[in-house]
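Asks: Listed below are the residues making up each chain.
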Amino acid sequence: MAAVMPAPAASRQLMSGNEAVARAVWESGAKVAAGYPGTPATEMMEVLATYPDIYTEWSVNEKVSLEVAIGASMMGSRSFSAMKHVGLNVASDALMTLTLTGVAGGLVIAVADDVGLSSSQNEQDSRHWGRFAHVPMLEPSDSQEAYDMARYAFELSEEYQVPVILRLTSRICHVKGLVKVGERVEHKATGFSKNAERWVMVPGHAKRRIPLMFQREQELKRLSDQSPLNVLEPGTDRRVAFITSGPAYMHVREAFPDAPLLKLGFSYPWPLEKVAALAQMADAVVVVEEVEPVLETELKAAGFAVHGKDILPRTGELAPEVVKPAIERLLRKEAAPEPESAQSLPPLFPRPPTLCASCPHMGIYYTLSQLKNLTIAGDIGCYTLGAGHPWNSLDSTICMGASMGVALGMDKGRGEADRNKRIVAVIGDSTFMHMGMQGLLDITWNRGNVTILLLDNGTVGMTGGQNTPANGRDIHGLQAPRIDFPKLIEALGVKPERIRVVDPYELPVLFKTVRDETKIDDVSVIIANRPCVLTEDFKPFRPYVVEEDKCTGCGNCVEVGCPAIHVTRREKVVKASGKEVDLAFTRIDSVACTGCGLCVQPCAPEAIVHFAPAGQVISIQPA
Amino acid sequence: MPNTTNILVCGIGGQGVMTATEILSEAAIAEGHDVKKTEVAGMSQRGGVVTSHLRFGPKVLSPQIAPGTADVLLGFEAAEALRWAHYLKPGAMALVNDARLVPPVVELGLFKYPDDPIGDMRARGVKTVSFDAATIARDLGDLRLGNTVMLGAIADQLPFSAEVLLECIVKRFARKGENVVEMNRKAFAAGRTAAQAATPATA
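Sequence lines, in order, name chains A and B. Note that our numbering has the first sequence beginning at 14, numbered continuously upward. Note that our numbering has the second sequence beginning at 20, numbered continuously upward.
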């Protein structure tokens, strides 16, 4: 992304929560910012990379990104790290010791929870980290607050020498609202001060830091009770009072505009004195929190009689249409009638996300779906869609890089029933570098029998095409050292003759390579290298069409799973053998087709041909 | 909240739903409103269901439109408009591109695409105005104008004048040159005309 002129100070901008955080980090004079892409956090780093006077990087994983921020903080610079909820699991090893050393330059960690699981393998509540790591947590409820709190987070971090977690959710990250922005204030690095007892966490040093950590937590507790970010809003509707934070605050206020309410912006440590004051204001208190009963449990332990997950869901967003009927039921009224609207509809077809036309992963999954006797450990990325129709090719997905260890465990743990199964792992380039490399080393070292498909499309595709060491470009798109996968994989212990590089558009070669390698009792890595079609590295080919008179309705092309292939009519015929078969005659949407040719190869009657005359390339990419 | 206008825009990933809503947001801001805009786009980039919620008024709290409370629905695809029709207030209007984008799960024979999604909406009491945005755009010379055609179609259903919205479109395309601006003006007018022509006299 090219550097742009930041919007002028004091102007009001329509900004997403992610954009607002990025702006605040820049204005706070941060010198270093690092992260790994992950929905809904990605845009924080993407936008920060467009600002001047700040070092930004995509790190290979979240743990490294936090460690980069820690190093910068040790030098006395302000630093920032951004990640999605599962990213903080990866980075937590660093966090749990960072809380002992504390920080020099202000260090803010923005963590974005995917409440409602729009694009994640699980739904977690990152507020647990506040208590677990004994660090303060701030929770904005819209873009303006995200901006204000990110700026305050740096001040708080420096005043108490503590890392501060800014907890966001999808409904903060991806909601746009108006934000009044300010000016960047330079923050000079104060310099490294050598102090082994402070920065070298060996047991003797760590033991002396633990009491300091708890002392700090006590001080933060007092601060939380006085913090203007924890707002007690008296109300006139005294049937029920609410304690809430984040986007749930907006939902509750929408549904109950006049109820007394404690809005938590400084949500760890908990402001118990303000809770006690709120409890006096109504007959009942309900904690509305996304998603776990974190605060509710603490309040009950502290002796407060509150409602929470006894009446509200433990998963998903607490939108007004969820909160309102639950509260009305609590008040022993009739359940709120559904708002009058068009009658409920018969169930419509689902529209799951698809692989793109010409996506190189399609060749992989078409091949895997045609092979028998495989058990396939999958991983995290666009290629997780291989678990869906028509391929149904993945047998597991756990977390970033897990395909490696899971495949080895499948190999070592197999019983008689699976003796003849061939174990395959499928992993993308960025996921491999994030957390897959160690798993591969474990496979080679422990003599596993696994065939690994490394899908190198040269980008982090699922989050919008961020650069990686696999495409040799940095966060700004500038040239950077490019990883050599065959060399890396050989260094990790795979025999050179078991490292195969194939073109995923060449189905016969791909098919033969996968079949051959899975038959060999050794570790093989098959590298499929075609660029993601949504990146600048992809150059579209000439589109194809189906010649109607030649199409026999075999339906083989439909099994490729390309979204540009459509069925024009279906027929049932009875073969000479008496067997009834379904025919599907097809056409190709030539506007969507980018000519990868995957569908041409299984087409029995050779009915799929180029649309335009040779030599004429039709670009369908938007200008 | 009273005095809040709720606009729901729906379609599939890659159609320009988010950009259209962004331009509508800019128009609402130009009119001095508080604005919140949110979307849920599922995993991966293309082909999935996308809805974009736009709320504006003196002060907007929750960014989400609750079912049964949308003032107007702008549908970029026929079956998607049907999928989200229950978000409309009773008697509210849907402006729908009648294009049918059929996903692979339907082509594989696993599910059925409705025979007449627009008719289904009308049968359920939704005031539905449908038109062929892709053909209008193609006739103007560029498929990519479809987005502006859609904005033209909704222009007469907003609590501010169509010109405010057109100004925001012009501003967005200004750096691409006078020709692109002119094409977008035409597309906006054509979308507006198409929606007016398709609106029943009783609507």
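I should point out that these hints are in silico values taken from the structure, not numbers from a laboratory. Since the model is a prediction, treat every value here as computed from it, not as a measurement. No residue lacks a Cβ here, since even glycine has one placed at the ideal position from N, Cα and C. You may find that some hints are simply not true.
What the hints assert, rightly or not - Taking lysine-lysine pairs in the BS3-like style, the calculated list, with each CA pair at most 27 Å apart, reads: (1) B/Lys-108 to B/Lys-146; (2) A/Lys-193 to A/Lys-385; (3) B/Lys-131 to A/Lys-193; (4) A/Lys-592 to B/Lys-131; (5) A/Lys-337 to A/Lys-313; (6) A/Lys-434 to A/Lys-525; (7) A/Lys-322 to A/Lys-425; (8) A/Lys-552 to B/Lys-108; (9) B/Lys-190 to A/Lys-193; (10) A/Lys-563 to A/Lys-532; (11) B/Lys-205 to B/Lys-190; (12) B/Lys-190 to A/Lys-585; (13) A/Lys-532 to A/Lys-552; (14) A/Lys-337 to B/Lys-205; (15) A/Lys-385 to A/Lys-552; (16) B/Lys-108 to B/Lys-78; (17) A/Lys-207 to A/Lys-234; (18) A/Lys-337 to B/Lys-195.
Claimed, not checked - For each label pair, taking beta carbons as the anchor points, the in silico distance ranges come out as: (19) B/Pro-219 to A/Pro-247: 30 to 38 Å; (20) B/Gly-110 to A/Glu-246: 33 to 41 Å; (21) A/Pro-326 to B/Gly-110: 42 to 50 Å; (22) A/Glu-172 to B/Arg-119: 29 to 37 Å.
Asks: Does each hint hold? Answer for all of them.
Replies: Do the hints match the structure? See the list:
Distance check on the hinted pair: B/Lys-108 and B/Lys-146 sit about 11 Å apart at the alpha-carbon level, within 27 Å; holds. A C-alpha spacing of about 59 Å is found between A/Lys-193 and A/Lys-385, which places the hinted pair above 27 Å, so the restraint is violated. Straight-line distance between C-alpha atoms of B/Lys-131 and A/Lys-193 comes to about 48 Å, which puts the hinted pair past the 27 Å bound. Of the pairs offered as hints, the one joining A/Lys-592 and B/Lys-131 holds, with about 25 Å between alpha carbons and a cut-off of 27 Å not exceeded.
As the CA atoms of A/Lys-337 and A/Lys-313 are separated by approximately 23 Å, the hinted pair is consistent with the 27 Å bound. Taking the CA atoms of A/Lys-434 and A/Lys-525, the gap is near 17 Å; set against the 27 Å cutoff, the hint holds. For the proposed pair A/Lys-322 and A/Lys-425, the alpha carbon gap of about 42 Å is over 27 Å, so the pair is violated. Proximity of A/Lys-552 to B/Lys-108 is assessed by CA-CA distance (about 46 Å); at most 27 Å being required, the pair is judged violated.
For the suggested pair B/Lys-190 and A/Lys-193, the alpha carbons sit about 22 Å apart, so the restraint of at most 27 Å is met. Between the alpha carbons of A/Lys-563 and A/Lys-532 the distance comes to roughly 37 Å, so the proposed pair goes past 27 Å and is violated. Of the supplied pair hints, the one linking B/Lys-205 and B/Lys-190 holds, its CA atoms being roughly 15 Å apart against a limit of 27 Å. A hinted pair counts as satisfied when its Cα atoms are at most 27 Å apart, and B/Lys-190 with A/Lys-585 does not qualify at roughly 55 Å.
A hinted pair counts as satisfied when its Cα atoms are at most 27 Å apart, and A/Lys-532 with A/Lys-552 does not qualify at roughly 35 Å. For the proposed pair A/Lys-337 and B/Lys-205, the alpha carbon gap of about 45 Å is over 27 Å, so the pair is violated. For a cut-off of 27 Å, the pair hint linking A/Lys-385 to A/Lys-552 is broken: about 33 Å separates their Cα positions. At most 27 Å may separate the alpha-carbon atoms for a hinted pair to count; B/Lys-108 and B/Lys-78 meet this at roughly 20 Å.
Restraint check for A/Lys-207 and A/Lys-234: the C-alpha separation of about 30 Å exceeds 27 Å, so the hint is violated. A distance of roughly 47 Å separates the Cα atoms of A/Lys-337 and B/Lys-195; the hinted pair therefore is violated under the 27 Å criterion. Between B/Pro-219 and A/Pro-247 the beta carbon distance is about 50 Å. The supplied range of 30 to 38 Å is therefore violated. Separation of B/Gly-110 from A/Glu-246 is about 35 Å and conforms to the stated range, judged on CB atoms against 33 to 41 Å.
A hinted range of 42 to 50 Å is violated for the C-beta pair A/Pro-326 and B/Gly-110, which are about 31 Å apart. At roughly 59 Å, the beta carbons of A/Glu-172 and B/Arg-119 sit outside the given window of 29 to 37 Å.
In terms of the numbered hints stated before, the structure departs from hints 2, 3, 7, 8, 10, 12, 13, 14, 15, 17, 18, 19, 21, 22, listed from lowest to highest.
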